[in-house]
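K.L.:
Below, each chain spelled out in residue letters.
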Amino acid sequence: MEFLLQPLTLLTFFPLVGALVILFMNSEMKTAIRWVALVTSLITFGISLWTLSMFNASNPDLQLEAKYPWIAVAGWNIYYYLAVDGLSILLVLLTAFLTPISLLSTWTAVEDRVKDFMIFFLLLEVGMMGVFLAQDLFLFYIFWEFTLVPMYFLIGIWGGPRRMYAAVKFFLYTMAGSILMLVAILFLGIQTDTFNIPTMLVRLPDLYATTIIPQTQMLLFIAFAAAFAIKVPMWPLHSWLPDAHVEAPTAGSVILAGVLLKMGTYGFLRFNIQLFPDATVAAAPWIALLATIGIIYGAAVSYAQTDVKKLVAYSSVSHLGFVMLGLFALNPQGVAGAILQMINHGLSTGALFLLVGMIYEQTHTREIKVYGGLWKITPIFGAVMLIASLSSMGLPGLNGFVGEFTILLGAFGSKAIGNPWYAGISAIGVIMAAVYILYMFQKMFLGPAGEITQHHELKDLNWREIITAVPLIVFMFWIGLYPAPFFNILAPAVEKLLSALPL
Amino acid sequence: MTQPQFTDFYTILPFTILVVWACLLLLADLFIPKDRKGITAFLAAFGLAGTMGYAITQVGLSSMGFSGMVFLDGFSTYANILLLISGLLGIAVAYGYNQRMGIERGEYYTLLLFSVSGMMLMAQAADLIIVFLALELLSIPLYVLAAFTRKLESEEAGVKYFLLGAFATGFVVYGTALVYGATGTTSLTGIFLSASNGTSGLLLTIGAALLLVGFGFKVAAVPFHMWTPDVYQGAPTSVTAFMSSGAKIAGFVALLRVFATAFPSISADMTDILWAMSAITMIVGNFIAISQTNIKRLLAYSSIAHAGYILMAFVPYGNKEVMSISIAAGLFYLLTYVLTNFGAWAVVISLEKAEGNPSTGSGQRGLELSDYSGLARKYPALAAAMAVFMLSFIGFPPTLGMVGKFYLFRAVIAGGFNGLAIIGVVTSLVSAYYYLRVVVNMYFREGDPTIEREPGLAFTTMVTAVATVALSFVPQWLFLLASTALLK
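Residue numbers (our numbering), protein chains in the order written: chain A, 7 to 509; chain B, 252 to 739.
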């Protein structure tokens, strides 16, 4: 019992309980199934708040540990080991927060195979929580790979016309990244004789001084980075993302953008930077280069899109480029800004996908040019969309600004990157974001009524949809106006992370 | 030469019980009416279960019998239990299938029992002569079973398997002869002692290589795999299911035993050969599987590919520190493979039809990948089970296949063969492509498949699927079992 009542165990596996309940329900009871899923995810969110209440923000170390020997035979030393610290707590909260919102958005959008959908979605939540909480590399790898499976089914069954292609591409692309990580994990596990990350961190410095030469460390860094860079996705490994995003059902896109991509950036933060300090410092300028290219490239390609969902998808490439730039600035502003920007991107891009999904549900088209003058007909929708758009482009007063500004501040003064030009060029990305976002908003919501707007009985947001969107809007303002509580939570852990680097 | 003592029989008692039971069943079957061959099936299963009961009591025992001709150790006991499980599952999937296909004859089950007993003897062999004896005992019933349907394709499969199998056995015999010539003994421990005294030479290496050829054929390793797709496709599917599990275990168990016990002294030469064989088996098996559209051929190539993965466990066999890990990894992976493989074949058998229906076009017998379209909507449990097996073959959590590959790659990397591990993971990625095609058809396409509901099949599918998932959360007991399965 003691094992089950650990807050983090509960947090990770509670959605599984809901999934099991749904498994034994009649698939015709669609509404009941939806409610069970929603309530499960809300309780999970409650557990995450309970976790937060027990979390000590001034402590930079891992907390609330649930640690039990799992596979302890024949020199395996694998632990069931969950813990949270300042680097992961916000992402855990984001996951628990976005899941009920996504589920609420499926209320009328998913009518086919509701039972399977909800089971896969809750399983996905288990996997995502596990990724952010696992402190044992074997356990982490299991959760990491596992998240692929439900997402694959979500895209493949409930996705758009090219769903099969997108689902298989998503699966193979992501798996291609993680297989090299598997080899690196095994190598590390054999060298350090443990898979437990804190223990590994204690043992690695000696090994780096003796048996593991810098070249090997760099190879290990690259093997891990391959897995995470594909997930982020960093330019030029991003080509799976537009397909997956466009074909995924709305709830899938929200979770994909909101949480799954953050698994990549979190991976860099937790594993690459911590495990391979020398390689991290050596690679920082290169990562910054790729991030900068990604920022500009993503923004430019976004502008060229005619499909609004694709536009939002490519904007993720640009936004995640900022996160990577901040992380590899390797100074407190950069890293803290990057972590906050992960949350911001989850909120604003999540909201954009949600809203695009709401209008798509009515019109079944995502072509920007067929809309126009939407604001007049659907004022609430327009207002919510405007806030989400402004948040995404980084308007001061909203959350996106805080993150991007801090990241650029960090990147300008970064010793690791060593060149203020990356930050300078990236700043252009902020302007470009304003261009493509405002272009999209203007074409869809302002101006003369478009084809669809004229010939379609368009309804404004209903209560359920408003309830879905409002929590996101609240956080956009909160982080935008008063980000201090968020920075306070992560600052000690970031300090500790950076103090271990040879800078 | 001492006379066999009564205690000698204790060492091979599971084998003895099974052979005696099979002989009795052969007689008893004469009195069982033609339309009630279910009794034979039941009696055969009972014999296997009883034997397994005794085999389990041998856990932890370690001795030799018949003047050093047979071993009894953790390794053989583990292999025996695994083989008996294969036999039981082999009967479970066969009973209803044989009725449906009109091939219900009592000999089927006796032949299966003889084959299992040969495999068990193989696991206990401590002498190359016994290895040869066991190889024949396990193979000859399989040749007959492959041709059991007496249709053209089945007979072709039987003849092909027989001819190539006989050829391969010839390699084993010739290899044995050369090894004897080099060392003056056929006892595995004797070969080791003689070889480490420095009397070995080129002759011993060639002999060992020839043995590898013979066993390579049995386990369907490239380049000795040519027979596999045709035989697997032509043979009755129930036989294929058994053959692809049982014969593979037996072949690998013999290889592990012979190489680790008799040939550590020539590991410098053998390691390179095994490395190349493993790599090429993984590459060829997985790449050719991509273009298959028939599920039986797809699984045949998948079985070749998995032979490559298991062969990885052999590569570090000369390294004393790593050897015990890699043997345990190999044994663990065999268990993983058997469960997943039987489950997948059980699903294939569920969809297979006796006669093609010309009106439905291409997939007349339910054996094409397109026949799996829409399975998830109509039979969600069966499709979920198949999805689990496919994920397990790829090596994805939460399945046993993932744990098995983790174990295997760990052994390989611990042995210092990082390159082979990278080939292993990259080919796993390739394999994901064709395994996912099955999942894509089941879940993402629409169709109207029909299945046969049979208790044996339902049992096999459910047990293997649940075990594949559940055991992946508590693999430590199996690890413990596999890592105590030491060679004497």
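Please note: incorrect hints may appear among the correct ones.
[As the list claims (entries may be wrong)] Straight-line alpha carbon distances no greater than 27 Å define the calculated DSSO-like cross-link-like pairs of lysine-lysine that follow:
hint: 1; chain 1: B; residue 1: 402; chain 2: B; residue 2: 547
hint: 2; chain 1: A; residue 1: 175; chain 2: B; residue 2: 285
hint: 3; chain 1: B; residue 1: 402; chain 2: B; residue 2: 285
hint: 4; chain 1: A; residue 1: 36; chain 2: B; residue 2: 285
hint: 5; chain 1: B; residue 1: 547; chain 2: A; residue 2: 121
hint: 6; chain 1: A; residue 1: 36; chain 2: A; residue 2: 175
hint: 7; chain 1: A; residue 1: 382; chain 2: A; residue 2: 316
hint: 8; chain 1: A; residue 1: 421; chain 2: A; residue 2: 375
hint: 9; chain 1: A; residue 1: 421; chain 2: A; residue 2: 502
[To be verified] Here are the computed distance ranges between Cβ atoms for each label pair:
hint: 10; chain 1: A; residue 1: 502; chain 2: B; residue 2: 669; range: 45 to 55 Å
hint: 11; chain 1: B; residue 1: 703; chain 2: A; residue 2: 369; range: 52 to 62 Å
hint: 12; chain 1: B; residue 1: 542; chain 2: A; residue 2: 284; range: 37 to 47 Å
hint: 13; chain 1: B; residue 1: 527; chain 2: A; residue 2: 370; range: 25 to 35 Å
I should point out that these hints are in silico values taken from the structure, not numbers from a laboratory.
Keep in mind that this is a model prediction, so the values were computed, not measured.
We treat Cβ as the ideally placed atom computed from N, Cα and C, and that holds for glycine.
K.L.:
Is the Cα-Cα distance between residue 547 of chain B and residue 121 of chain A 27 Å or less?
P.N.:
violated (32 Å)
K.L.:
Given the proposed pairing of residue 36 of chain A with residue 285 of chain B, does the C-alpha separation stay at or below 27 Å?
P.N.:
violated (51 Å)
K.L.:
When you take the CB atoms of residue 502 of chain A and residue 669 of chain B, is the distance between them in 45 to 55 Å?
P.N.:
violated (32 Å)
K.L.:
Tell me if the straight-line CA distance from residue 36 of chain A to residue 175 of chain A falls inside 27 Å.
P.N.:
The hint is violated at about 30 Å.
K.L.:
Given the hinted pair residue 421 of chain A and residue 502 of chain A, is their alpha-carbon gap at most 27 Å?
P.N.:
Cα-Cα ~18 Å, so holds.
K.L.:
Range first: 25 to 35 Å. Now tell me if the beta carbons of residue 527 of chain B and residue 370 of chain A are that far apart.
P.N.:
Because 55 Å falls outside the window, the suggested range is violated.
K.L.:
Using the Cβ atoms, figure out if residue 703 of chain B sits within 52 to 62 Å of residue 369 of chain A.
P.N.:
violated (46 Å)
K.L.:
Taking 37 to 47 Å as the hint, is the beta-carbon distance of residue 542 of chain B and residue 284 of chain A inside that range?
P.N.:
holds (45 Å)
K.L.:
Starting from residue 175 of chain A, check that the Cα of residue 285 of chain B is at most 27 Å away, please.
P.N.:
Violated, at roughly 53 Å.
K.L.:
Hey, residue 421 of chain A versus residue 375 of chain A, does the alpha-carbon distance stay inside 27 Å?
P.N.:
violated (45 Å)
K.L.:
Do the alpha carbons of residue 402 of chain B and residue 285 of chain B lie within 27 Å of each other, as the hint requires?
P.N.:
holds (20 Å)
K.L.:
Hint check: residue 402 of chain B vs residue 547 of chain B, CA-CA at most 27 Å. Holds or violated?
P.N.:
holds (17 Å)
Hint compliance for this structure: hints 2, 4, 5, 6, 8, 10, 11, 13 are not met, and every other hint is.
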